[in-house]
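Undergrad: So you can see what is in the structure, the chains are spelled out below.
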Amino acid sequence: MKLGLIAICCGASATALFAQQVKFDLDRLAAKASDTVDVSLPGPLLQLGAKFLDPNKPDEAAVRKLVAGLEGIYVRHFEFKEDGAWTAADLDAIRSQLKAPEWQRLVGWKGEGGENAEVYLRLEGGKMTGVAILDTEPREFTAVNIVGTVDLDALAQLGGHYGVPRLRNDDSQKKPKNDSTSKKK
Amino acid sequence: MTATVLEQPAQTALDFAGLMKQHQAMVFSVAYHYLHNRDLSQEVAQDVFLSLHRNLAAIQSPAHAAFWLRKVAVQRSIDEGRKRMRRPQVGLDDVAEPAVAAAPGDPMLGQMLRKLIATLAETPRMVMILRYQEDLDPMEISEMMEIPLATVKSHLQRSLALLREKLARRGMGER
Amino acid sequence: MQLEEKDWLEQQLRAALERQDPPEGFAGRVADRLAAEGPDQRRDRGKVIAWPSRPIRRLLAAAAAIVLMAGGAAEYRRHQGEVAKRELMRAFYIAGGKLNHVQARVLEVSQ
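Protein chains in written order, with my numbering: chain A, 1 to 185; chain B, 1 to 175; chain C, 1 to 111.
These are calculated hints, taken from the structure and not from any lab test. There's no promise every hint is true.
[Unchecked claim] Here are the computed distance ranges between Cβ atoms for each label pair:
1. D92/A with Q11/C: 36 to 44 angstroms
2. E102/A with E122/B: 55 to 63 angstroms
3. A66/B with D92/A: 37 to 45 angstroms
4. T123/B with E108/C: 46 to 54 angstroms
5. D92/A with A27/C: 45 to 53 angstroms
6. T123/B with G113/A: 46 to 54 angstroms
7. G18/B with D25/A: 25 to 33 angstroms
None of these values were measured; they are calculated from a predicted model. For every residue, glycine included, the Cβ atom is placed at its ideal position computed from N, Cα and C.
Can you make the complete structure from the sequences, with help from the hints?
TA: Written as structure tokens, this is what we have:
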């Protein structure tokens, strides 16, 4: 799948307000990736894009609501043809920034073979001022920094809109398998 | 992978000579691949840069300049093509290839493809050039040419099928 | 097989339509025309088109420039907005999807 790359040059005066909170130094991964999504939308561009969202389309209306409290969104998503393209060091370079006192880990999950998912919140004066999401699979590496206040439930619901199965309570109940390999006596 | 650049307005003055050096290949090639005539393409390309010079004050940034130049090159090429329609047609076989550097890949095939592209109708011809020369995606082509996205996709699909068929008839398909 | 054929043809098209530099001396010819902008005549396939008088031509050029400027800047802004919107949707698609993924994994574990 061909994905777009977007780069932003910000004026110095705008940087302080809309600055990315977590630095993504991932050029090394970009060089190896078969597909890359690189989105950097600081405040003014975020609001410009939001103006063009169609309130009559449910997904665009949902994004419009989400954008209201935001000051920036930064995404790096890489897909690779082979395992081993990213290393723990790449993850740690981002994680080390999330050890700062204003960041708190909300949830984390670690699976087999390099699967890893973490969500962090940035809190200042008891108020949410940012979110960081790290998600890796053997052939994928995703880092997201959302600057500002965002409704996480609404954001996760958006993930369901796009074909990713939305989290439902009954998803947790697994049907018993028919053991087709069992031999009858 | 395409690169899209969104910029805040440039603080420094734009350098006309620098812009011309940076974009002359793009402008000339849009015109040449559309018109398939070296002299006309040069003239169109010159007109585009003269127009840029006159409008330089209105250009907001280097990215705006690139967008503007591409758009004007497309418009001027189409206009020039329409003027030619009113004149006696020249057979494709009569149109000589320019003495430019050979493109990578099979030169015979490349020459044939350029000639076949030049036989397409106005809109699909420019759609194909914007797609395969400029690497614009269908949405960007739709915005550039102000035609519906579905029309762009349909032109791409049909043009590819037509080219494949014409190449096969000439024994120049994939081996 | 059809996909491979399409890929092959697209590859050949990219090679055939690769950008070419204009013939040598292009920049010089543009500079000459800039310097000569005045009551020169432009040839059009052998047909001579007389230029209007200088003051009128400047007025016409200025009027055309104003139309082009107004349309050009607004159009570029719209283009920027559409691009920003596409990137915004893409960013939220990925962020929402990953968040959903995290929630799903955590729920699996808690069962």
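Undergrad: State, for the Cβ atoms of A66/B and D92/A, whether the hinted interval 37 to 45 angstroms holds or is violated.
TA: Hint holds: Cβ distance 39 angstroms, inside 37 to 45 angstroms.
Undergrad: Could one say that the CB atoms of T123/B and E108/C fall in the range 46 to 54 angstroms?
TA: 52 angstroms, holds
Undergrad: Should the hint that T123/B and G113/A are 46 to 54 angstroms apart at their CB atoms be regarded as holding?
TA: 50 angstroms, holds
Undergrad: For the range 45 to 53 angstroms, tell me whether the beta carbons of D92/A and A27/C fit it or not.
TA: Taking Cβ atoms as reference, D92/A and A27/C lie about 51 angstroms apart, which means the hint holds.
Undergrad: Could you tell me whether the CB distance from E102/A to E122/B stays inside 55 to 63 angstroms?
TA: 58 angstroms, holds
Undergrad: Quick one: are G18/B and D25/A within 25 to 33 angstroms, going by C-beta?
TA: Given about 31 angstroms between the Cβ atoms, the range holds.
Undergrad: Taking 36 to 44 angstroms as the stated bounds, is the beta-carbon spacing between D92/A and Q11/C within them?
TA: 40 angstroms, holds
Consistency note: the structure conflicts with none of the earlier hints.
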